[in-house]
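Those protein sequence lines, which keep their order, are chains A and B. Here the first sequence stands for residues 1 to 439, where the numbers follow the numbering used here. Here the second sequence stands for residues 440 to 536, where the numbers follow the numbering used here.
These are calculated hints, taken from the structure and not from any lab test. Model, not experiment: these values are computed from the prediction. Think of the CB as a built atom: it goes at the ideal place given N, C-alpha and C, for glycine as much as any other residue. Heads up, some of the hints might be wrong.
Calculated cross-link-like contacts (lysine to any residue; reagent style SDA-like; alpha-carbon spacing at most 25 Å) [what the hints assert, rightly or not]: (1) Lys129/A / Arg88/A; (2) Lys200/A / Gly484/B; (3) Lys53/A / Leu473/B; (4) Lys336/A / Thr383/A; (5) Lys176/A / Leu472/B; (6) Lys145/A / Asp460/B; (7) Lys246/A / Gln231/A; (8) Lys53/A / Met516/B; (9) Lys129/A / Pro481/B; (10) Lys113/A / Asn510/B; (11) Lys336/A / Glu350/A; (12) Lys53/A / Asn510/B; (13) Lys113/A / Asp152/A; (14) Lys336/A / Ala348/A; (15) Lys336/A / Ile306/A; (16) Lys187/A / Ser144/A; (17) Lys177/A / Ala475/B.
Coverage of chain A stretches by chain B, computed from C-beta distances (three or more under 8 Å per stretch; other residues unrestricted) [what the hints assert, rightly or not]: (18) 39-51; (19) 106-112; (20) 195-208; (21) 276-286.
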Amino acid sequence: MHMLTLALAVLTVWTASPVDLPMATHEAPPPAWAVADPADSLYRAARRALNSKDYETAADLFGAIVSRYPKSAYAPDALYWKGFAHYRGGNFYAAMEALYEQARRYPGAPTTKGDSYALLIRIQGELAKRGDADAREDIDSAASKSTEDCGDMEIRSAALDALQQMDSERVLPLLKKVLARRDVCSKSLRKNALFILAQKSGAQREDLLLDVARSDPDRDVRAEAVFHLSQARSEEAVGALEQLLKTSPDRAVRNNALFALAQNRSARSKAILRALALSSDAPMGLRNDAIFHLAQDREPESREWIRGAYARIADAALRKNVMFQIASHGGDDTEKWLSGILVDSKEAMELRKNALFHLATTQSSSSVALASVYERVSEELKTDVLFHLANRSDAAALDKLIAVARGDGDADMRKVALFHIANSKDPRALKTLEEMVTP
Amino acid sequence: MFLTAVRADLRARRPDTELGDRTRELLARTRLLLDAQGGHSPQTGALLQDLELLLAEISALAASRRSVDLNLLNESMRQDDLLPRIRSTLPAPSAGT
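Bound-form chain A, shown alone (with noise of 0.2 Å):
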């Protein structure tokens, strides 16, 4: 549904704010359309009808303004949008008759020729589908020309998607033609080939998006590619992602590939993630994006995979990242992990002082589990421990304060702790500190 997503953008600039388009209120209309034109109401009547879905109306008075006015300038375009109608109408002999009248009478109609044709295309494909023998002709010569020059891709786009529908097995080696194509004036139809070629099964569904998304010149092109892939969800498919990642030059495909992976969820590319996460060849953003995605998995297994991928990763920064997401899953085992990288002595200093950043700050921690590290920790860590302690407002951090404050064998470390008391607004601190000057 990505598609409808396109369409939205564009549609939002029209629905943001209807009664403020500059050309509705603050313009007066071209001048060529200020004077009366006499078809002016039928034209108005015919559209409204189209949009309230009376299709049979709106052909009559579109006809009717081609028959009582046809030297008016809604004359032209009324004969397009009575093709409209009647194709929505699903008469598609009369829907044609109109968009050929339309080019025999209006040759040069500038605003809707391009439409008609494509419209034409459509119908015309509508009626292959039925057998009709010229229709499908039609839509041959038009589908046979999607794979040379610049000419008008929404109609060559249209050929191909009614060929698609007509005959399914003929398409295909045009396909491969037309995504073959280097130009730029066919990016837009090498991504409805694109498109169609994703309704389609079979391996070389896959084959061909792989190759698009190494080869084809353009940036979108290659990234829609990448999501037909991980849309199509086959092993197949699994594989060509796992490719892209570790093979493609260009890094947003890869980034791609690697979210398409995320979100395939299957026990291979879970794999693949993994795999990517703990290769030191990697580039370091693959693998802490990979790391982000298995994360994401909050299953036991998946939990217990990435706190043992944090001792087989060499790198301090990734360390860092791994121990960020393992902190934001919460919990006792999560307490518990922070808690043994904390008190071990082989560990950096930079990642133990991390470790009880994220033992202090996580929501679901206790003071309680901060306060039985005190006793494990170096000095320097010490320090930062009644730090933390003091910036919670419970009961059990402030007990630890003063115990730490009366009775620790280190003086330092009880002036720290009668530091921190003296700042609390507990009564208890007061009372603490009276008893330790008048004792």
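Given the coordinates of chain A, work out where chain B should sit on it, guided by the hints.
Quick look at chain B alone, frame taken from chain A:
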């Protein structure tokens, strides 16, 4: 930026070829979606049909720049509540999309 450019072009009455091209691309893609195998729910099908008509109207407007077409377009959008329907049909945005 694209949206701002559209408004600026309309205000300045510059020929807006980009809007026309973009709309025709979207129209072609909407028709592919309409024909997509696997089908859609009746609601999505109806939404795509309304979208097809609206894009055809925008495409025609981009070329004609008639105020009557613009007013009719505004009318039809209000009538069909298209944008709320698109929003309720689309999946919630997520990272990487």
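How the hints compare with the structure:
Of the supplied pair hints, the one linking Lys129/A and Arg88/A holds, its CA atoms being roughly 16 Å apart against a limit of 25 Å. For a cut-off of 25 Å, the pair hint linking Lys200/A to Gly484/B stands: about 20 Å separates their Cα positions. Proximity of Lys53/A to Leu473/B is assessed by CA-CA distance (about 17 Å); at most 25 Å being required, the pair is judged to hold. For a cut-off of 25 Å, the pair hint linking Lys336/A to Thr383/A stands: about 21 Å separates their Cα positions.
Distance check on the hinted pair: Lys176/A and Leu472/B sit about 20 Å apart at the alpha-carbon level, within 25 Å; holds. With a C-alpha separation of about 20 Å, the suggested pair Lys145/A and Asp460/B falls inside the 25 Å cut-off, and the hint holds. In summary, the hint linking Lys246/A to Gln231/A is supported, as the alpha carbons are separated by about 20 Å, within the 25 Å threshold. Between Lys53/A and Met516/B the CA atoms are separated by roughly 14 Å; this keeps the pair inside 25 Å, and the hint holds.
In summary, the hint linking Lys129/A to Pro481/B is supported, as the alpha carbons are separated by about 22 Å, within the 25 Å threshold. The suggested pairing of Lys113/A with Asn510/B holds, with an alpha-carbon distance near 22 Å, which does not exceed 25 Å. Among the hinted pairs, Lys336/A with Glu350/A is consistent with the structure: their alpha-carbon atoms are about 19 Å apart, no more than 25 Å. Distance hint between Lys53/A and Asn510/B is fulfilled; the C-alpha atoms sit about 18 Å from each other, no more than 25 Å.
Annotation: proposed proximity of Lys113/A to Asp152/A holds, straight-line Cα distance about 11 Å (limit 25 Å). Distance restraint check for Lys336/A and Ala348/A: the Cα-Cα separation of roughly 18 Å lies within the 25 Å cut-off, and the hinted pair is therefore satisfied. Pair hint Lys336/A plus Ile306/A holds up; C-alpha atoms about 15 Å apart against a cutoff of 25 Å. For the proposed pair Lys187/A and Ser144/A, the alpha carbon gap of about 17 Å is at most 25 Å, so the pair holds.
For the given pair, Lys177/A sits about 21 Å from Ala475/B by alpha-carbon distance, which is consistent with the 25 Å threshold. Counting residues of the stretch 39-51 of chain A whose beta carbon lies closer than 8 Å to any beta carbon of chain B gives 7, which reaches the threshold of three, so the coverage claim holds. A stretch counts as covered by a chain when three or more of its residues have a beta carbon under 8 Å from one of that chain; for the stretch 106-112 of chain A and chain B the count is 3, and the coverage holds. Using a Cβ-Cβ cut-off of 8 Å, 3 residues of the stretch 195-208 of chain A lie near chain B, which meets the minimum of three, so the contact claim holds.
Look at the stretch 276-286 of chain A against chain B: 0 of its residues bring a Cβ nearer than 8 Å to a Cβ of that chain, fewer than three, so the hint is violated.
Of the numbered hints stated above, the single one contradicted by the structure is hint 21.
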